[in-house]
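Enquirer: Given the sequences, and given the hints that come with them, work out the whole structure.
Protein sequence lines, in the order shown, are assigned to chains H and F. Counting in the working numbering, the first sequence runs from 1 upward without gaps. Counting in the working numbering, the second sequence runs from 1 upward without gaps.
It is possible that part of the hints are untrue.
As the list claims (entries may be wrong) - Once the Cα atoms are required to be at most 27 Å apart in a straight line, the calculated BS3-like pairs of lysine-lysine come out as:
id	chain 1	residue 1	chain 2	residue 2
1	F	131	H	126
2	H	14	H	186
3	H	35	H	76
4	H	167	F	87
5	F	99	F	131
6	F	131	H	50
7	H	178	F	99
8	H	126	F	87
9	H	120	H	50
10	H	50	F	90
11	H	50	H	126
12	F	7	F	18
13	H	76	H	50
14	F	136	H	178
15	F	131	F	87
16	H	50	H	35
17	H	14	H	126
18	F	87	F	136
19	H	165	F	131
20	H	167	H	35
21	F	136	F	18
22	H	167	H	126
23	F	99	F	87
24	F	7	H	178
25	H	167	F	7
26	H	120	H	14
27	F	87	H	178
28	H	50	H	178
29	H	167	F	131
30	H	165	H	50
31	F	90	H	165
32	F	99	F	18
33	H	165	F	87
What the hints assert, rightly or not - Over the 10 Å line for every Cβ pair with chain H, so calculated as not near, a few chain F residues:
id	residue
34	35
35	41
36	44
37	78
38	83
39	115
40	116
Honestly, the hints are just simulated from the structure, not real lab data. Since the structure is predicted, the reported quantities are computational estimates derived from the model, not experimental observations. Glycine is no exception: its CB is placed at the ideal position from the N, C-alpha and C atoms.
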Amino acid sequence: MSNKRQSMMPPAPKPPTSLSSSIVIAEHASLTGTKLIMIGSNTVIHPRAKLNSAYAPITIGSTCIISERSQIGILKEPEDEEEAEPVVIENGVVVEVGAIVEARRVGEGSVIEVNARIGKGAVLGKHCKIGPLCEVAEGEVLPDFTVIFGNGMRRIDNSGVEDLKMKMVARQVEVLRKLIPSNIAKFQ
Amino acid sequence: MSKKPVKGEYIETDTGNKVSRRSQIIGTTNIILGGKTVIQAEVIIRGDLLRTYTSSNPGEKQGNPVAVAIGRYCFFSRGCELRPPGKLYKGQFSHYPLKIADHVFIGPGSIIEAALIGSHVNIGANCVVGKFAIIKDYVRILDGTVVPPNMVIPSFSIVAGRPGRVVGEIAEGEVDGMDLREVYREVRN
Chain H
1 MSNKRQSMMP
11 PAPKPPTSLS
21 SSIVIAEHAS
31 LTGTKLIMIG
41 SNTVIHPRAK
51 LNSAYAPITI
61 GSTCIISERS
71 QIGILKEPED
81 EEEAEPVVIE
91 NGVVVEVGAI
101 VEARRVGEGS
111 VIEVNARIGK
121 GAVLGKHCKI
131 GPLCEVAEGE
141 VLPDFTVIFG
151 NGMRRIDNSG
161 VEDLKMKMVA
171 RQVEVLRKLI
181 PSNIAKFQ
Chain F
1 MSKKPVKGEY
11 IETDTGNKVS
21 RRSQIIGTTN
31 IILGGKTVIQ
41 AEVIIRGDLL
51 RTYTSSNPGE
61 KQGNPVAVAI
71 GRYCFFSRGC
81 ELRPPGKLYK
91 GQFSHYPLKI
101 ADHVFIGPGS
111 IIEAALIGSH
121 VNIGANCVVG
131 KFAIIKDYVR
141 ILDGTVVPPN
151 MVIPSFSIVA
161 GRPGRVVGEI
171 AEGEVDGMDL
181 REVYREVRN
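Expert: Here it is as structure tokens:
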């Protein structure tokens, strides 16, 4: 890969970051934008994940997993004068492949599955699960334990296994730490 | 003008695989390609997600680790992704190998986390195949299907919907069209 042609454009300026020293971030992850990106301890960022803080700051809690091709952060310039609301992802959240998260808040232990899309300003409660290809509209507020599945059907999950799920995410992070070479220095 | 010869889109390997220069293959040492497989641009293959669970049986041979095994005449369209599935087993989290047999077509933008895909399987565009799904031989999965995790799809099924359900059967006469040799030959630089 070393003989790759270099782009004539100067590299995009790095966004200001506050990264915990225990995170795992792959070299091919991309952090872009101008506002602050904060990432808590033991979080894993897969290669080709995109975090864009061009329009609003991003805060990611601890023990989260952000998979490849997912896009975190506000994607479009806000239309009115007001500044876009920051994107906050709480602890233990799993964002799977290709998901788009523009939410104001994603509650603890939530799972956002493959190619799901969370609109701007939406608020997800704790331990929500958004199924593959499902959407949450802009500004929508979901109560805790909501599950969205199929063609946008909803239910409340009261199985009470959220503690086990959080433990599983922690175990998964430990495994990914061994598998994904981390390169924090590139992003600081 | 540059004097360098224009490089083609695909790199052809000794065994006849055509791999796009713009594919994103991670962990190449853990991926087996059976030969004559086409990998288009922007395809992601996660060979780095290896099995970390070690079986307690010491007699088991420790060969080369394999994360993704692919047979012959497979075709991976633009922007699809192959990702070994992971689960918690006996208190340990581990990924497990993703095995794909021969003549498997995967449409653009589909994300595959299956455990096993049989021969002559056709997966449409923008599908999601859940973790540890098992797809047997001669199966057609229509565009935009979400195959739920752990689903086992029997041979000769047509699957569609969100979540995916078996909606029909493949008649014996249709089987001939699922061979990918011709498709492979048509891919040129």
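Enquirer: Given the proposed pairing of residue 167 of chain H with residue 126 of chain H, does the C-alpha separation stay at or below 27 Å?
Expert: Holds: residue 167 of chain H and residue 126 of chain H sit about 15 Å apart, inside 27 Å.
Enquirer: Taking 27 Å as the top limit, are the C-alpha atoms of residue 99 of chain F and residue 18 of chain F close enough?
Expert: Roughly 19 Å separates the two Cα atoms, so the pair holds.
Enquirer: Between residue 167 of chain H and residue 7 of chain F, is the straight-line Cα distance small enough, at 27 Å or below?
Expert: violated, 49 Å
Enquirer: Can the restraint linking residue 131 of chain F and residue 87 of chain F be considered satisfied, given a maximum Cα separation of 27 Å?
Expert: The hint holds at about 9 Å.
Enquirer: So is residue 35 of chain F really clear of chain H, every C-beta pair being over 10 Å apart?
Expert: Residue 35 of chain F is indeed farther than 10 Å from all Cβ atoms of chain H, at 24 Å.
Enquirer: Sort out whether residue 126 of chain H lies within 27 Å of residue 131 of chain F, counting only the CA atoms.
Expert: With a Cα-Cα distance of about 23 Å, the restraint between residue 131 of chain F and residue 126 of chain H holds, given a limit of 27 Å.
Enquirer: Going straight from one Cα to the other, do residue 14 of chain H and residue 126 of chain H come out at no more than 27 Å?
Expert: violated, 32 Å
Enquirer: Please verify whether residue 131 of chain F and residue 50 of chain H have alpha carbons no more than 27 Å apart.
Expert: holds, 23 Å
Enquirer: Hinted pair, alpha-carbon criterion (27 Å max): residue 167 of chain H, residue 87 of chain F. Please report holds or violated.
Expert: It holds: about 12 Å lies between the C-alpha atoms, which stays within 27 Å.
Enquirer: Are the Cα atoms of residue 76 of chain H and residue 50 of chain H separated by 27 Å or less?
Expert: holds, 14 Å
Enquirer: Check the hint pairing residue 7 of chain F with residue 178 of chain H against an upper bound of 27 Å on the C-alpha distance.
Expert: Distance ~36 Å between residue 7 of chain F and residue 178 of chain H Cα, so the pair is violated.
Enquirer: Residue 120 of chain H and residue 50 of chain H were given as a pair; does the straight-line alpha-carbon distance stay at or below 27 Å?
Expert: Answer holds: residue 120 of chain H to residue 50 of chain H is near 16 Å, not above 27 Å.
When the structure is compared with the earlier hints, violations turn up for hints 10, 14, 17, 20, 24, 25, 36, 38 and for no others.
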